[in-house]
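Given next are the chains, with one letter for each unit.
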Amino acid sequence: MTGGITSPGAGWRQADRGPATQHTTKKRRKRGGGRSRGEIAMVDDVEFTSYYGRQIVKTPVWKSPDVPLYLFLGGAAGSSSILAAIADLTDRPNLTRVGRYTAGAGSILSVVALVHDLGRPERFLHMLRVLKPTSPLSVGTYILSPFSAAAGATAAVELLGWFPRLKRFGGVVSAIFGGPLATYTGVLLANTAVPSWHAAHTQLPYVFGGSAMAAGGGISMVFVPVDEGGPARKMAVAGAAIELAAMHKVETDHGIVSEPFHEGRPGKLIQAAKTATAVGAGLTVVAGRTRLGAIASGTLLAAGSLLTRFGVFEAGIASTKDPKYVVVPQRERLEAGTNEHASTVTR
Amino acid sequence: MTSVSSASPGLSGIRDVKNRLFGPLPDVAEEAGYEPDHPKRVGFFTDTSVCIGCKACEVACKEWNTLPMDDSHGKRDALGLSGMSYDNTGQLGANSWRHVAFIEQSRAVDLPMPTFGRPGDDRHDHGPSPATAGDDVSLANAQQSVLNAEALSEFDPQTGQTGADKQIRWLMSSDVCKHCTHAGCLDVCPTGALFRTEFGTVVVQGDICNGCGYCVAACPYGVIDQRKDDGRVFKCTMCYDRLTDGLMPACATACPTQSIQFGDLDELQERADARLATLKAQGVETARLYGRDENDGVGGDGAFFLLLDEPEVYGLPPDPIVTTRDLPAMWKAAGKAAVMMVGVAVTAVLGSRRR
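Protein sequence lines correspond, in order, to chains F and B.
Read in order, the letters of the first sequence correspond to residues 1 to 347 in this note's numbering.
Read in order, the letters of the second sequence correspond to residues 348 to 702 in this note's numbering.
Treat the hints with care, as some may be off.
[What the hints assert, rightly or not] Here are the simulated distance ranges between beta carbons:
1) B:374 / F:120: 32 to 38 Å
2) B:416 / F:53: 22 to 28 Å
3) F:287 / B:679: 36 to 42 Å
4) F:94 / B:425: 55 to 61 Å
If you are wondering where the hints come from, they were derived from the structure by calculation, not from laboratory data.
This one's a predicted model, so the numbers in the text were calculated from it and none came from an experiment.
Every residue, glycine too, gets a C-beta built ideally from N, C-alpha and C.
If we strip away everything but chain B, and leave its shape as in the complex, we get (with noise of 0.2 Å):
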């Protein structure tokens, strides 16, 4: 723990780790040169299942990080609605860490329908009449996902019908730094601003921040962002002060449903895993998790999610990639030109007749 390196995993020593720009890591800060006896990795289970899109994580976040207003395009100070929905923070910023998106979704209804009567008349005879009649396996099925959707939407708050043939449903998330196990803007950064912190997160050293804006274009989800009129760029920390006290983060803290999740990581993602299971075998078969996998392109996020649509229908990139697992058949091919530059102007003199 003495020794802070603000080295990229791929910089880090004779020790031979395997996975260094790519892959599952195990131990993400003890690659980053802390000693074994550091913190436990730490991150966010957002389970977008359960937020009902207050944005008090927004505005704890703004309070304890003291982020200037900005607008939904990102313009600082300027007060502005977005004219999409209630989202007027638009997306992840210098700004704004915490970002919480508002989709409205419709549907037709082709589900066999219960029948409504009287209160407590179809605890008796469940009222659905599926299309296919005396076929028992698909009898039993449909009523079995009815009574799943009843017992559903006691408690889901996104379960709503406005019409006989249409239903509308909010898909809600707060979307947040990934504090990725392979991170783009910490890879790029050249003045080791960027750096792992013991508790395995990625956060800026805004005093050593010269705003070149690398890793702005490093990100694969597009999170950091650079403050125009400051140079610097800015974003989530994991309230690294708070944690650093052994406080949660203020947005986890702020969270009235618990759908911003703080805690070690392998146990969040152990509670998602089992959430997931509990959603599918409640038929909610839209559910997801998002970054859970050690196994995708930036070897999993710190800060994963549990989505119940396609990533891109929350913003997010479907297959993100860190953008250095290329690098090495880059800097091949950058050699190999350069090499090429040489050989060319060599052949260019001698090929020429003297004066």
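Just chain F, same shape as in the assembly (with noise of 0.2 Å):
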């Protein structure tokens, strides 16, 4: 008996008998993915090596609708009562109301979706024992406590019309919580080791901030007379623009692990997403100062929002299933030695 593992690089392959595990992508054509703006990146052939075709990180555990929901909610509810707080500052009482509902009603939501999602509910105040920035979650608890109990308080005593005074302090705090809140979702979804997220940790705030605004700013033109909607109006059409712009980048700069956004379910999610935002984006420019075109371009730049966040949410869970976009872009910083640290193998 020779050989066995004795030659250098070994040429061993996995056996012919059995499921193989050598996998090639192919080269995927987009279609109906990118539309004509910007190319995206093709994928090469890339060969790589897997346990039997298996996952190599954990698929995360996070149900849907409750988690795409909550950073919908959260972002809407954010948006809005920083627009509130500033409406209530200049006088705009109409603006202001819409805006403290829409935060009060969902903050309220945010807590009753984040505690659903638990896998032990009865538990959610354990997420209150400690306080740990390297936690997103944990500091997100801390955010969404004070901003829910802020923009809740403020929304019941605006629907019952007492203290008025107490009404604008309220909204004041909520609107220091409200941007934390709609924009640190961004890096909780990329702080895991979910390849699509993770990748893109610098631009999901971003992404997540525009959503948030183009989703608060459409909420509030629905139920806001078009005379009082101006400020609106300028952030639901501020906010689609940060959106469809960041999330552009997130599709195309991040090579294999952009694939997802453009795959399957969550590829026709974003496809969706993105036309709605433009669209309505758009139709708010043109037609927001009608009655009937603010309700319209609200309601598409707030689906447009809710789409971008399960989207999102999805092309994440895709990007844990197949092996491939945790090996090859290892392997790739690997051989291109682009890693400030060692190589995890010692030979």
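Dock the two chains into a complex; use the hints.
Okay, structure coming up:
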């Protein structure tokens, strides 16, 4: 018996019986995915090895629609609270009221969605045992808790018409936490080993921040009289533009791990999201000053934001299910030597 | 040892410690808040070159930790064959804290072959007739290689031959939680259910975990998982209950070939380095250590491996990085994006005419 494990490199391959572990990804043409705006980077044929094609990282156990819905509601509530507080200070009562109701309802529903997502919902208070800056969920808990308390109370007081000065204070407090509430969710998803989320870790907060403004502005446009809805329209259009621009980078900057944003169900969701957001923003500019136009475009923008959250969420889920999204980028960075750390393999 | 901290290295107070999120840490337990008299960091060294795939480690682990049965896709109380190899465990998960991977490999023989005459014949003239006759150096090398191979084949159960032109080998490796120096699961746990023990290992407190599932998504190795019917997450504890009583973990105790070695981490690392050098000297060029380097993406593993092929062949990520390495950049981006939102909202309001 010679040879065995003695020769360098050795030429060992998966034995020809049984499922192959050598996979070659086909070169895929993206159709209907990228429209005409910008070239989608083609992913060349890549050869990689895996253990019987099994996934390496675990698929997140976060439930859909709980988590994507939370991302949407938190974002809409956060941006609405900011808009409401500034509208309050500049004396725009209708915009203020609608913003406060949106923020209050959104934050309460956010808490419900988040608690429902837990494996042990009755233990949700355990979230408040510690504060850990290394855990976006912990930091997020300390953003969502004061936000939902302030925004919920402000909305309730608004509804009942009590304590006008307390109302303003509550509105400002919720506005302070509103921005972080809308953007930390990007960190929440990115600070994982999920390839397609982590790769976009500096872009997701902007996607979600823009998406939040599109949603919050859109919802306000629907309910606020058009002559007072100017700020909502402006914020919604700016948010939609930021969302589209940041999302474009997420979709194109990251080579193979950008792929899940184009393919299958997540690809369709994101395509629909981009269409709704772009049409909604365009319609806002053209017809936002009419009641009907405001309702239509506001609804489209909110729907676009919701679809973005579902699309990003599901793209990440998809990227955990194929080992190529783990192996190929890690191999590439090993070969390029672009890491500032040593290889985990000692030869 | 009095203060048990469930905080991650990123939040351990005022002491000036470098590499809180990333890079080598000389003393993980002290960094987690233990007094300096804590026990030494312990770990596993899994030498897959002597693993025989008996799965005693899996059984011992299930027995000791009373883990439920599941099939190769993690489905609870289901009996099923994976249909791909002798591996019917499939992966690490909430109910499988040890997982023996089986990989059958073949290759065409391109080595100088020894002649197989009567026993003893080739002891006198070493049979190999390499193609490059005349080149003394390569001839000597080839002879050396064959000699080593012969020596190896006496004790290496993974060397085999099924025909004149093809060789088969089985790679078997018992996978386990890596108990990383920078553990992503521990960093992201929002309840403090995951904590660093005085032994430097990472353990879930079942009575604290509220099943948020963040650790499941954060583990770069795909180790920790949620039990669906229970809601909480579970993973290898390195038998914390046994360690506190001075016993070895169940898997290492059960391993019949010492493929799973338990001990103080620094000692295991020395042993692994020596084992790698031995294998290399014997011509096992494909041997390598995985998770041994303290400068790698997770600051080195508490449970590390000697592999005979690339990590991904065994279902291990080739270059894992703790996700929180990039967290400062993420918080910065989120902060900027939040400021941007306020800026846009202020501009939108001020830029609009009052009613």
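A quick look at each hint next to the structure:
1. Look at residue 374 of chain B against residue 120 of chain F: about 33 Å separates their beta carbons, and that is inside 32 to 38 Å.
2. Under the hint 22 to 28 Å, the C-beta atoms of residue 416 of chain B and residue 53 of chain F, about 24 Å apart, fit the expected range.
3. Range check, residue 287 of chain F to residue 679 of chain B: Cβ separation about 38 Å, and the 36 to 42 Å hint holds.
4. The given range of 55 to 61 Å is respected by residue 94 of chain F and residue 425 of chain B, whose C-beta atoms sit roughly 58 Å from each other.
Of the numbered hints given earlier, the model fails none.
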